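Asker: What follows is each chain in one-letter form.
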Amino acid sequence: MSADIGSSSGAALKPKLTMILFSGELDKAIACFTLATTAAAGGFDVTIFFTFWGLNVIKKKCFAVSDSQNIFQKAFNYMSTSRLPLSNLNFLGLGPLMMKILMKKTGAASLEDLIKTARELNVKFIACTTSCGVMGLGKNHLSDDVDEFAGAATYLAEAKDASINLFI
Amino acid sequence: MSADIGSSSGAALKPKLTMILFSGELDKAIACFTLATTAAAGGFDVTIFFTFWGLNVIKKKCFAVSDSQNIFQKAFNYMSTSRLPLSNLNFLGLGPLMMKILMKKTGAASLEDLIKTARELNVKFIACTTSCGVMGLGKNHLSDDVDEFAGAATYLAEAKDASINLFI
Amino acid sequence: MSADIGSSSGAALKPKLTMILFSGELDKAIACFTLATTAAAGGFDVTIFFTFWGLNVIKKKCFAVSDSQNIFQKAFNYMSTSRLPLSNLNFLGLGPLMMKILMKKTGAASLEDLIKTARELNVKFIACTTSCGVMGLGKNHLSDDVDEFAGAATYLAEAKDASINLFI
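Chains as they are written, first to last, in my numbering: chain A, 1 to 168; chain B, 1 to 168; chain C, 1 to 168.
Do not rely on the hints blindly, as some may be mistaken.
Unchecked claim - Across the chosen pairs, the derived CB separations fall in these ranges:
1) A/K116 <-> B/N90: 49 to 57 Å
2) B/N90 <-> A/D145: 24 to 32 Å
3) B/K116 <-> A/L121: 49 to 57 Å
4) C/T129 <-> A/I101: 48 to 56 Å
5) A/K116 <-> B/G93: 46 to 54 Å
6) C/R83 <-> B/S68: 46 to 54 Å
7) B/K139 <-> A/T129: 37 to 45 Å
What the hints assert, rightly or not - In silico DSSO-like links for lysine-lysine, alpha-carbon gap of 30 Å or less:
8) B/K105 <-> C/K59
9) C/K60 <-> B/K160
10) A/K124 <-> A/K100
11) B/K105 <-> A/K59
12) A/K74 <-> A/K60
13) B/K60 <-> B/K139
14) C/K14 <-> B/K139
15) A/K104 <-> A/K60
16) B/K139 <-> C/K104
17) B/K60 <-> A/K139
18) B/K105 <-> B/K14
19) A/K104 <-> C/K14
It should be emphasised that the hints constitute simulated quantities derived from the structure, not laboratory data.
Just so we're clear, the structure is a prediction, and the values are computed from it rather than from any experiment.
Don't be surprised by glycine CBs; every beta carbon is placed ideally from N, CA and C.
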């Protein structure tokens with residue numbers, strides 16, 4: 001038994017980062033994916049759990065309001081499929097444009113690039129089934145990058161043994 | 001001594017989730033309580049520390065602006081005792097109504113139900129004394145669900161050995 | 001080998017708190033620094049990683065829009081060097097003033113006091129290099145309290161072995 005304890009104590013835990021992406025803003029999504037890609041490149045296991053407005057980040061670009069949605073779901077999705085806003089100084093949509101131009105000029109990776117890199121580095125994408133249900137979102141509305149549709153229990157199981165857990 | 005090490009190493013830690021609920025928005029409160037109830041049902045110890053606008057979630061429904069409050073405290077409390085807004089697409093109060101109707105239609109639990117379930121599952125509610133002091137809130141203004149009034153030191157003691165800590 | 005296990009298992013880990021301060025609002029900054037000072041006073045190692053709008057909290061008071069910045073950087077910085085807003089009930093700037101008066105009246109420490117105390121208690125301030133690059137911020141724009149300019153990899157190394165990690 002002491003051998004078992006020894007081997008389990010001696011084994012280095014693989015560092016793991018989980019993030020709940022609740023917000024649908026450009027700046028918060030950039031923060032989330034900058035952490036995700038840096039961590040994954042550094043050997044971390046990384047899982048992002050997309051819920052509520054965070055689902056906007058992984059909606060299909062060509063997302064057309066679906067006939068299977070009721071009028072409230074259409075309203076929420078119609079509004080939120082427009083470009084992601086900033087959490088601050090949005091300037092009626094000018095802010096995100098300015099931010100994107102600044103990022104390009106200063107050589108910072110765009111959100112699209114960060115998402116692509118995250119996928120290449122095996123960052124796990126989980127879409128929250130409860131939020132999808134409320135918003136009337138199915139697999140056909142979301143990016144093919146989604147690995148799994150699951151609820152809070154799956155998130156908790158992922159986060160329980162992670163060294164870093166964040167809610168964004 | 002090796003026996004001690006063996007027994008302490010061998011003992012499985014009970015999983016624990018703590019959340020600081022800083023925000024007073026309906027959608028964030030739903031996310032917080034969905035995690036709380038799912039975790040508690042799955043055997044986690046769960047503590048929610050309500051601070052700043054998060055205190056709005058546990059204010060008494062029949063909360064009347066109190067004579068013991070000064071004019072600024074009355075203003076903050078008058079504004080915030082109205083229905084909880086959404087963090088996004090609030091539509092001047094129409095958003096939360098649409099969200100509630102959608103949740104009912106799709107069979108998702110309401111915030112009221114989630115709070116009730118959380119209490120039944122022994123989720124611990126701590127109200128931040130510093131915020132209460134600034135906002136002029138006493139025990140009589142808050143729900144009887146509150147287990148304890150305490151400050152940041154109590155939060156840190158709870159969070160220090162928790163497997164998952166989130167700021168919402 | 002059992003001696004090694006014994007010594008490593010027996011050693012009490014020093015509690016550690018890291019926070020990413022992403023938001024630039026007065027109320028969130030107060031929450032962040034209340035946790036930071038309480039934790040540091042209680043023997044925690046504390047690191048705050050300032051990114052995006054969180055950098056506004058540590059900008060120099062006498063910050064003049066710099067000639068080295070392009071027009072978009074000037075716009076973002078011009079807007080954000082004014083007084084920090086509230087995340088809720090900002091009332092076009094009246095909210096933060098009311099909050100400050102309330103905090104003074106009720107004996108709560110001001111943000112300026114909390115920042116000063118945090119420094120005295122050796123809370124570590126890291127400014128995010130990527131955000132600084134995008135916003136055109138250099139060392140001369142930020143408070144001398146900043147210990148280090150670094151990126152996400154440094155944050156992850158700090159957070160990996162911390163008992164509490166929060167994103168604010």
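Asker: None of the hints should be skipped; say for each whether it holds.
Answerer: Structure-based check of all given hints:
1. A/K116 <-> B/N90: 49 to 57 Å: 32 Å, violated
2. B/N90 <-> A/D145: 24 to 32 Å: Given a distance of about 29 Å, which is inside 24 to 32 Å, the answer is holds.
3. B/K116 <-> A/L121: 49 to 57 Å: 42 Å, violated
4. C/T129 <-> A/I101: 48 to 56 Å: 20 Å, violated
5. A/K116 <-> B/G93: 46 to 54 Å: 39 Å, violated
6. C/R83 <-> B/S68: 46 to 54 Å: Taking Cβ atoms as reference, C/R83 and B/S68 lie about 29 Å apart, which means the hint is violated.
7. B/K139 <-> A/T129: 37 to 45 Å: 38 Å, holds
8. B/K105 <-> C/K59: Given that 30 Å is the threshold and the Cα spacing comes to 48 Å, the pair is violated.
9. C/K60 <-> B/K160: 33 Å, violated
10. A/K124 <-> A/K100: The hint holds at about 25 Å.
11. B/K105 <-> A/K59: 23 Å, holds
12. A/K74 <-> A/K60: Distance ~15 Å between A/K74 and A/K60 Cα, so the pair holds.
13. B/K60 <-> B/K139: At roughly 10 Å apart (the allowed maximum being 30 Å), B/K139 and B/K60 satisfy the hint.
14. C/K14 <-> B/K139: The hint is violated at about 35 Å.
15. A/K104 <-> A/K60: 23 Å, holds
16. B/K139 <-> C/K104: Judged against 30 Å, a Cα distance of about 22 Å means the pair holds.
17. B/K60 <-> A/K139: Since the Cα atoms of B/K60 and A/K139 sit roughly 40 Å apart, the hinted pair is violated (cutoff 30 Å).
18. B/K105 <-> B/K14: 36 Å, violated
19. A/K104 <-> C/K14: 41 Å, violated
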